[in-house]
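Protein chains in written order, with my numbering: chain A, 1 to 142; chain B, 1 to 577.
In short, the hints are calculated from the structure, not lab data. By construction, the Cβ of each residue, glycine as well, lies at the ideal position given by its N, Cα and C atoms. Treat the hints loosely; a few may be bogus.
Claimed, not checked - DEER-style ranges, computed between Cβ atoms:
no., chain 1, residue 1, chain 2, residue 2, range
1, A, 90, B, 22, 35 to 41 Å
2, A, 128, B, 550, 48 to 54 Å
3, B, 561, A, 128, 37 to 43 Å
4, B, 507, A, 110, 32 to 38 Å
5, B, 274, A, 61, 42 to 48 Å
6, B, 21, A, 90, 31 to 37 Å
7, A, 87, B, 212, 27 to 33 Å
Claimed, not checked - With a straight-line cut-off of 20 Å between C-alpha atoms, the simulated SDA-like cross-links for lysine to any residue are:
no., chain 1, residue 1, chain 2, residue 2
8, B, 113, B, 101
9, B, 227, A, 13
10, A, 123, A, 30
11, B, 212, A, 30
12, A, 123, B, 215
13, A, 42, B, 280
14, B, 150, A, 54
15, A, 110, B, 101
16, A, 110, B, 204
17, A, 96, A, 54
18, A, 135, A, 83
To be verified - A few chain A residues facing chain B, derived, Cβ under 8 Å:
no., residue
19, 17
20, 22
21, 25
22, 26
23, 30
24, 32
25, 33
26, 36
27, 67
28, 71
29, 93
30, 107
31, 108
32, 124
Read off the chains here:
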Amino acid sequence: MTVKYLRVVNRDQCIGCFSCMYACSRMVHNAAGSGKAALRVKAYTGVEGAFSIRVCARCEEPDCAAACPTGALTKAPGGGVRLKKELCISCMACVKACAIGALQWDEEEKRPLPCIHCGQCVKYCPNNVLALCEKEEECEPR
Amino acid sequence: MNGAILHVDMTTGTHRMIDDPELFGEFLGGTAVATELLFRHGDPKGDPLAPESPVIFAIGPFSSLFPVATKTVAMFKSPLSGELGESHAGGRMAMSLHEAGIEALVITGRAEKLSYLVIENDSAELKSASTFRGQSAAATERILREAEGKSGRKVSILRIGPAGERLSPMACATVDGSRHFGRLGLGAVLGSKNLKAIVISGTRTLPLACPKEFKAVYDILYDRVVKSKEMKKYHDLGTPANVRPLSLIRGLPTRNFSQGNFEGAEAISGERFAKDFLVQHTACAHCQCGCIHMAELREEFAPYHYSTNRVSYDYELIYAMGSMLSLSSPEDILKLLLFTEKQGWDAISLGCTLAWATESFLHGVLSLDDTGGVSLSFGDCGAYLEVLERMAKGESEFYRDLEMGCAFCAKKRGGLEWAIQYGGVEPGGYMTGENFAVTCLLGVRHSHLDDNGYSIDQNLLNAPKPLEEQVRAQVKEARWRMVLNSLVICLFARGVYDEEIILQGLDALGAKWDAGKLRELAAKALLRKHEWKRLCGFDPAALVVPEKMYTVQTSTGMIDRESLQQRIHLYLEEIRR
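All chains should be modelled from the sequences, with the hints used to inform the complete structure.
See the structure below:
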């Protein structure tokens, strides 16, 4: 199955409420809190209100998967990456390889949290910052 | 909840975690739990700034789990009122405490030198803050976010500004971006512990006990927060939407509560701030409303050279630094607020104290000798900025006194009748009538948020009600807020969280509560606070309303001495009922 495209389309409308991160943790991982989120809202101190949202870019050649020494993280046939938990050695090479800082780390389980492009974060964003599209050109980042 | 309480002793630099599920089982969380911890660790007769005097922070069962359960409760003995000190702040602190697995934090003792506390899950470490002594609240956050944010993890940073280091009883503690434990002098209490900042982070998430039920309750709340009108007003114009309507009904305190209608109300209205200065809304962690209004202040500091700062504003700030001082220019208000924010003062107490000083100067109670040559008059922003600068430098005894609050100044220098304070605490911005006066006198923290007094006053304009009914409604609301503040939700979401959804939420978390138990908690928590206040020496029989308040027109007419006494009597009877 081909996954959809998750994109940040209105970065400057973000209020930094972390609702997307809470939604991912809750809806995808059945966890209360924001620590299981497969995306990240970053706040920059000193520039009040400047938020940057990092979501999985669904790379054609994912650097995170290429960096994985055990083959635990691989490119998924439908887009994005998938994790074989039993092969993960918690080395964090994948997280370090993601230059945009989108791939998140599960601090409790000590393994990466690949995005499945399901769109729960989009559903719970109150300000249309995120979008989930069938085709990449439908939701070009602005 | 496990009832995890982290104790930190600043004197020894040690910490220990204890679990007290019984305490949280009986008192729910937040304000009710913090009150009990104050009984347990605090001495009502003690010096608020003594090392042994505790500072308690608590979150509740909904914190970080449901939308807009964003607040953390701080409890301490107030150096401003000398009795119950309670203040609430948003930001990311509740989220971070939750992720660290800490439901209450108790801090006692005094570090040998200025320090900051780093809490990471259940560990706590004291580090030296010597290099940033005297730094503004804003600079302290920048410094610590870099120093302690290396892990890339989300962290919450609570800190005091120079005012807290100077032990000003009107010093606040600032959380993350422009959120504050504003009232009653928490900044001084932290300063007295040599505690410049607390950095909190954690890695915990909570597996959902009943995912289906939890998500169903969450979705109802989410829709109410995002789609209903309950919270829209807080997002759109925010609380400054009240500036114009309150002025129209003579409820906007102007020139030190001389009158309730301000001729400059239009110029400092929420609409004007939004159109000309609002650049962004931001939010506390897990609040989809986003009520934080950020204005941009652009100043020309040399020809063709500009500085730009973002300053948060809301109704209370516009009242305290605007109409109270007869300032009708948003730029002037923002300049004062920016200075206040950096120093870490409580804007309400500061604005009221500046207003007292102005009236005292105009009446000749203060002279140019006292002010060091600064001529004070309502509407003169330049003079007020000069005063703030001298206060920050502690230039003379007069300027050092000013940051003690208006009650202190008036007792020492005169002008007590126009020092607008109740129990030592300067009030929120409402000149609506007797119900609000009762809020200020008998509200547990002398705060406009203790009940809905100002709202009852306003409703009387359309539908008069017997006095007894007004007092009963006020006490009912004060009690109900004990529940909201124990959960701990933001009071802006009080229209979102009704009893039914609260019980459903608790049920989805596997907590055993019913309506009867909630109401019992509410009544008990309110009484316990009053009990602590009385142990501190708070005496309802000795309550004093500033004389000036009997001589001015409010929204609902003049305040009547007898009627006020009757209300006080009924209120005290009602909370015991």
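Right, here's what the structure says about each hint:
Here the CB-CB span from residue 90 of chain A to residue 22 of chain B is close to 38 Å, well matched to the stated 35 to 41 Å. Evaluation of the 48 to 54 Å hint for residue 128 of chain A and residue 550 of chain B yields a pass: the beta carbon distance comes to about 53 Å. Roughly 56 Å separates the CB atoms of residue 561 of chain B and residue 128 of chain A, a value that falls outside the hinted 37 to 43 Å. Remark: the range hint 32 to 38 Å for residue 507 of chain B to residue 110 of chain A is upheld by a beta-carbon distance near 33 Å.
For residue 274 of chain B paired with residue 61 of chain A, a C-beta distance near 46 Å keeps the hint of 42 to 48 Å intact. For the pair residue 21 of chain B and residue 90 of chain A, the beta carbons lie near 32 Å from each other, so the given range of 31 to 37 Å is met. In this structure, residue 87 of chain A and residue 212 of chain B meet the distance hint of 27 to 33 Å, their C-beta atoms being roughly 32 Å apart. Taken as a hint, the residue 113 of chain B and residue 101 of chain B pair is broken in the structure, with Cα atoms around 28 Å apart against an allowance of 20 Å.
Of the pairs offered as hints, the one joining residue 227 of chain B and residue 13 of chain A holds, with about 17 Å between alpha carbons and a cut-off of 20 Å not exceeded. With a CA separation close to 16 Å, the supplied pair residue 123 of chain A and residue 30 of chain A stays within the 20 Å bound. Of the supplied pair hints, the one linking residue 212 of chain B and residue 30 of chain A holds, its CA atoms being roughly 9 Å apart against a limit of 20 Å. Taking the CA atoms of residue 123 of chain A and residue 215 of chain B, the gap is about 13 Å. The hint holds against a cut of 20 Å.
Distance check on the hinted pair: residue 42 of chain A and residue 280 of chain B sit about 16 Å apart at the alpha-carbon level, within 20 Å; holds. A threshold of 20 Å between alpha carbons decides the hint, and for residue 150 of chain B with residue 54 of chain A the separation of about 18 Å falls inside it, so the pair holds. Between residue 110 of chain A and residue 101 of chain B the CA atoms are separated by roughly 18 Å; this keeps the pair inside 20 Å, and the hint holds. With a C-alpha separation of about 12 Å, the suggested pairing of residue 110 of chain A with residue 204 of chain B holds against the 20 Å cut-off.
A distance of roughly 14 Å separates the Cα atoms of residue 96 of chain A and residue 54 of chain A; the hinted pair therefore holds under the 20 Å criterion. A distance of roughly 24 Å separates the Cα atoms of residue 135 of chain A and residue 83 of chain A; the hinted pair therefore is violated under the 20 Å criterion. Interface restraint check: residue 17 of chain A against chain B, minimum CB-CB distance 4 Å, threshold 8 Å, status holds. Hint on residue 22 of chain A holds. Least Cβ distance to chain B is approximately 6 Å, under the 8 Å limit.
With a least beta-carbon distance of about 6 Å to chain B, the hint placing residue 25 of chain A at the interface is held under the 8 Å criterion. Among the interface hints, the one on residue 26 of chain A holds; its C-beta lies about 7 Å from the nearest C-beta in chain B, closer than the 8 Å criterion. Checking residue 30 of chain A against chain B by beta carbon gives a least distance of about 5 Å; that is within 8 Å, so the hint holds. With a least beta-carbon distance of about 4 Å to chain B, the hint placing residue 32 of chain A at the interface is held under the 8 Å criterion.
Interface restraint check for residue 33 of chain A: the shortest CB-CB distance to chain B comes to about 4 Å, inside 8 Å, so the restraint holds. Below 8 Å, beta-carbon pairs count as interface contacts, and residue 36 of chain A has one with chain B at about 5 Å; its hint therefore holds. For residue 67 of chain A, the suggested interface contact is broken, since its CB lies about 17 Å from the closest CB of chain B, more than 8 Å. Given hint, residue 71 of chain A at the interface with chain B, is violated; its Cβ is 26 Å from that chain's nearest Cβ, farther than 8 Å.
Violation of the interface hint for residue 93 of chain A is found here, the shortest Cβ-Cβ separation to chain B being roughly 16 Å, above the 8 Å cut-off. Taking 8 Å as the C-beta cut-off, the interface hint given for residue 107 of chain A holds, the closest approach to chain B being about 4 Å. Nearest Cβ of chain B to the Cβ of residue 108 of chain A: about 6 Å, under the 8 Å cut. The hint holds. Given the 8 Å rule on beta carbons, the hint for residue 124 of chain A holds: about 7 Å separates it from the nearest Cβ of chain B.
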